[in-house]
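Asker: Below are the chains, spelled out letter by letter.
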Amino acid sequence: MQIAVLSGKGGAGKTLLAVNLTNLIEGATFLDCDVEEPNGVLYFGNSFEKDNVYTKIPIIDNKRCINCHSCIDFCRYNAIIDFLGKVKVLPSLCHSCGGCKLVCEENAIHEEDELLGWINYSRIKSHKVYGGELKIGKETGVSIIAKLLDKIEVNEDSVIDCPPGNGCSVMESIQNADYCLLVSEPTIFGLENLKMVYDLTKVYKKKAGLVINKAVNNNDLIEKYALKNNLPVLGYIPFDRELALLNSKSEMVSNFKYKPYFMNILNQIREEVGR
Amino acid sequence: MTQLLVLSGKGGTGKTTISSSFIKLSHSLQFADCDVEAPNLHLMYSKGNKYSESYHGLDKAIINQDVCIECGLCVEHCRFHAIVNNDGFKVNPYKCEGCGVCSYVCPVEAIQYKQQIDGSIDLYDNTYRFSTGSLKMGSGNSGLLVTEVKKQLMKDNDNMIIIDGPPGLGCPVIASISGVDFILVVTEASMSGFSDMKRIIETIRKTKTKFAVCINKYDINLKISNMIKNHLLEENIFLVGELPFDLEVNNLINQGIPVVDIDNPVGQAIRKMYDLILNIL
Numbered sequence: 005m006q007i008a009v010l011s012g013k014g015g016a017g018k019t020l021l022a023v024n025l026t027n028l029i030e031g032a033t034f035l036d037c038d039v040e041e042p043n044g045v046l047y048f049g050n051s052f053e054k055d056n057v058y059t060k061i062p063i064i065d066n067k068r069c070i071n072c073h074s075c076i077d078f079c080r081y082n083a084i085i086d087f088l089g090k091v092k093v094l095p096s097l098c099h100s101c102g103g104c105k106l107v108c109e110e111n112a113i114h115e116e117d118e119l120l121g122w123i124n125y126s127r128i129k130s131h132k133v134y135g136g137e138l139k140i141g142k143e144t145g146v147s148i149i150a151k152l153l154d155k156i157e158v159n160e161d162s163v164i165d166c167p168p169g170n171g172c173s174v175m176e177s178i179q180n181a182d183y184c185l186l187v188s189e190p191t192i193f194g195l196e197n198l199k200m201v202y203d204l205t206k207v208y209k210k211k212a213g214l215v216i217n218k219a220v221n222n223n224d225l226i227e228k229y230a231l232k233n234n235l236p237v238l239g240y241i242p243f244d245r246e247l248a249l250l251n252s253k254s255e256m257v258s259n260f261k262y263k264p265y266f267m268n269i270l271n272q273i274r275e276e277v278g279r
Numbered sequence: 112m113t114q115l116l117v118l119s120g121k122g123g124t125g126k127t128t129i130s131s132s133f134i135k136l137s138h139s140l141q142f143a144d145c146d147v148e149a150p151n152l153h154l155m156y157s158k159g160n161k162y163s164e165s166y167h168g169l170d171k172a173i174i175n176q177d178v179c180i181e182c183g184l185c186v187e188h189c190r191f192h193a194i195v196n197n198d199g200f201k202v203n204p205y206k207c208e209g210c211g212v213c214s215y216v217c218p219v220e221a222i223q224y225k226q227q228i229d230g231s232i233d234l235y236d237n238t239y240r241f242s243t244g245s246l247k248m249g250s251g252n253s254g255l256l257v258t259e260v261k262k263q264l265m266k267d268n269d270n271m272i273i274i275d276g277p278p279g280l281g282c283p284v285i286a287s288i289s290g291v292d293f294i295l296v297v298t299e300a301s302m303s304g305f306s307d308m309k310r311i312i313e314t315i316r317k318t319k320t321k322f323a324v325c326i327n328k329y330d331i332n333l334k335i336s337n338m339i340k341n342h343l344l345e346e347n348i349f350l351v352g353e354l355p356f357d358l359e360v361n362n363l364i365n366q367g368i369p370v371v372d373i374d375n376p377v378g379q380a381i382r383k384m385y386d387l388i389l390n391i392l
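Each protein sequence line maps, in turn, to chains A and B. No gaps in the numbering here: position 178 of the first sequence is 182 in the working numbering, and each next residue is one more. No gaps in the numbering here: position 255 of the second sequence is 366 in the working numbering, and each next residue is one more.
So that you can see chain A by itself, here it is in the shape it has in the complex:
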């Protein structure tokens, strides 16, 4: 069973849900796909092995380059320019598609690895823990996410902590999930972004359910939307200062009295997925 946890809005409680569900599933693998803000691994200690992820960047051999501009014309990302009569690559704009190398008739372009980020890995109790981390200054970690998802073995349980938003990296993160767990909070901001990610799960026809985090006495705002749109509410995590304090220290709140909240959510997911 593969569970993807997403919210659209940042800070709604994705990581809280993802790490605590992992904690309650014996043998589950945890993947933090929020590579720009990689906090999931903080809950699993601080001893990690690092596995670098590289991207390919073209290098121009200016001795061979005849300045024909084929590569410049081909590159849709404007990552190759003519700088004072010399063809030059702007690595930060490059998507590593390999097109420039293909079109160069002079064999003046080869590719070299450039560090994009890394995957932090550790084995903690019965869990395999993987956290992607984008190197600072890099624009996108989609290929780190792809590498992370490759780590999941067939038939093993896994929990994916997705990035915020609704862009391509979220899409990448949920594509093989058996269940999408949506997390929202009872604010107009939480609702707005919940609508967005619920639509996203529908594109892939994923089973989805909702957890209302930081729940207060009146959660009508979110409940009404869920009811109207056939989104089952699997549970509530109450707003609670003690829970917030534990969580702020990156502690698993499911090791404390809050365990039943998460167990209840997990049982319902299992029922929905039928495993």
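These aren't lab readings, by the way, just hints derived from the structure by calculation. Hints may contain errors.
[As the list claims (entries may be wrong)] Straight-line C-alpha distance at most 30 Å; calculated DSBU-like pairs for lysine-lysine:
| hint | chain 1 | residue 1 | chain 2 | residue 2 |
| --- | --- | --- | --- | --- |
| 1 | B | K161 | B | K247 |
| 2 | A | K206 | B | K161 |
| 3 | B | K319 | A | K92 |
| 4 | A | K232 | A | K209 |
| 5 | B | K225 | A | K105 |
| 6 | B | K247 | A | K151 |
Given chain A's structure and the hints, the job is docking chain B onto it.
Answerer: Structure of chain B alone, referenced to chain A:
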């Protein structure tokens, strides 16, 4: 014209809450929401006429099944794994990055590129000018959309421009930083907030833009707040505000009321912080 950008690294630390208050305090006539993947500022400011135009990212590949000879060269060369053979060769538009390699290698010219709608660029024109945008789900290139949103702000204006930024530190963040005068980094008293703050500061430092930090919900964990403060001291970074946690803030937001409209501890702390930032500027 002074552009003030609010960033955080970690999401949910209070960027929009603070931005919406700053807009009120600065009597800003122009502001923007650059969190195009999860925009929310329009829930608080959306008066006046709304003008929208489609945002087009890069054109994407489409395979003409009638011409395709299923040779597989495109699949072999596509580095984004965007082409699959599923009862005929098809392009997954969510994975296609529009690079042009597949049509280049196709021996029978079966692949064309078509313009897509990847989101919208919106402008609310009222007594204020509010520029925002939203990315269509699953699309890439949010950085380009951020640039489009910022282009709608008029340069010949003396007032302060408040920009609500995106979370993270990737392309939309880098695009939002370009050209701003000052960045307020909002963190919170948690290990995650602290870790993300360090990452966003390192990103900002590469751009040499002036910035300061505020700790939101500082009283959730005083020990971590102190750790953050010590770190800022060591790094010579200006701590410009500490906002207490208050559940009332959510109630105000839910009614569309900027927190500074009410005289409570959070509102007061935001006012004080705003004055300090004005002094720095």
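Asker: If a hint holds in the structure, say so; if it doesn't, say that too.
Answerer: These are the hints, each one checked on the structure:
| no. | hint | in the structure |
| --- | --- | --- |
| 1 | B/K161 / B/K247 | holds, 18 Å |
| 2 | A/K206 / B/K161 | holds, 28 Å |
| 3 | B/K319 / A/K92 | holds, 24 Å |
| 4 | A/K232 / A/K209 | holds, 18 Å |
| 5 | B/K225 / A/K105 | holds, 24 Å |
| 6 | B/K247 / A/K151 | holds, 25 Å |
In summary, this structure violates none of the numbered hints.
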